[in-house]
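Work the whole structure out from these sequences, hints included.
These protein sequence lines map, in sequence, to chains A and B. Quick note, the first sequence lines up with residues 1 to 116 if you use my numbering. Quick note, the second sequence lines up with residues 1 to 113 if you use my numbering.
Be careful, since some hints might not be right.
[Stated by the list, open to error] Examples of chain A residues lying across from chain B (beta carbon under 7 angstroms, computed):
| # | residue |
| --- | --- |
| 1 | G42 |
| 2 | L105 |
| 3 | F107 |
| 4 | N109 |
| 5 | G110 |
Since the hints were made in silico from the structure, they are not lab data. From a predicted model like this one, the values you see are computed outputs, not experimental measurements. Where is the CB? At the ideal position from N, CA and C, for every residue including glycine.
Each chain, written out:
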Amino acid sequence: DAGVIQSPRHEVTEMGQEVTLRCKPISGHNSLFWYRQTMMRGLELLIYFNNNVPIDDSGMPEDRFSAKMPNASFSTLKIQPSEPRDSAVYFCASTRGRQGNNSPLHFGNGTRLTVT
Amino acid sequence: AQSVTQLGSHVSVSEGALVLLRCNYSSSVPPYLFWYVQYPNQGLQLLLKYTSAATLVKGINGFEAEFKKSETSFHLTKPSAHMSDAAEYFCAVTPYNTDKLIFGTGTRLQVFP
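Structure representation (C-alpha cells):
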C-alpha cells in the first residue's frame, strides 16, 4: 500500500499562472477529498468526490478553483489564475466508504504552494 | 453547522507528564468524532475514532479519548508524554448522515525534557 500520493511536493509560481495539483488515492478507496491548510484558517474542506462524482464543492473558494476526478485513480485541483492568497498546503485524502465506517481518512503528504 | 472547538492552540508538558487536549463538539445528535495527529511536513494520521460502540476509545501511541455526551466533549489524553508526541493534534467531526470531515483549529503539543 503506497498510500495517497500527491505531486508535486512543492510548487512555487508567479501570480497569474495556472497551477495543477495531482493526487492518486489508495487503490480501492471510493471517496476522495481535497483540503487546504493555512495558519489563518486551519484545515478547510474544498471538495470531495464519491465514486468519481463531485458530491460537495461548497468549500471551493471561488471560480478560479476547479477539481476533477476522471477516474478512480486520479484527481486534479487546478487554480487559474493563481493569486498570492492561494499560498497554502493542499492535502488530498481518500477513504473507503463513509467516514463513520471502519475505514479512516488517509492523507497524502501535501503540496506546499507558494504564489509570489 | 456542526463543528468542533479545540480549547488551547498550544499545550506544553514535561516528558512523563499527563497530556490533556480538549475538544468539544456542537451537535444535537452524537456525530462521529476523530482525533488526528500531524507531524511536521506530513499529512494527518488517524489516532482514534468514536463511532458509538464504546465511550472510551483507545488509539495508537498510548492515546485515548472519552466521549461524554453530557459535556459534549471528546478530550484526548495520554498518561505519560514522550518527546515523540510533539506534534499538532486535530479533533474532527463527521456530522450525522454526511461524508464530510470537519476539523478543529488544532492544538500544538510541545514536550519538554
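Going through the earlier hints one by one, which of them does the structure break, listed in rising order?
none
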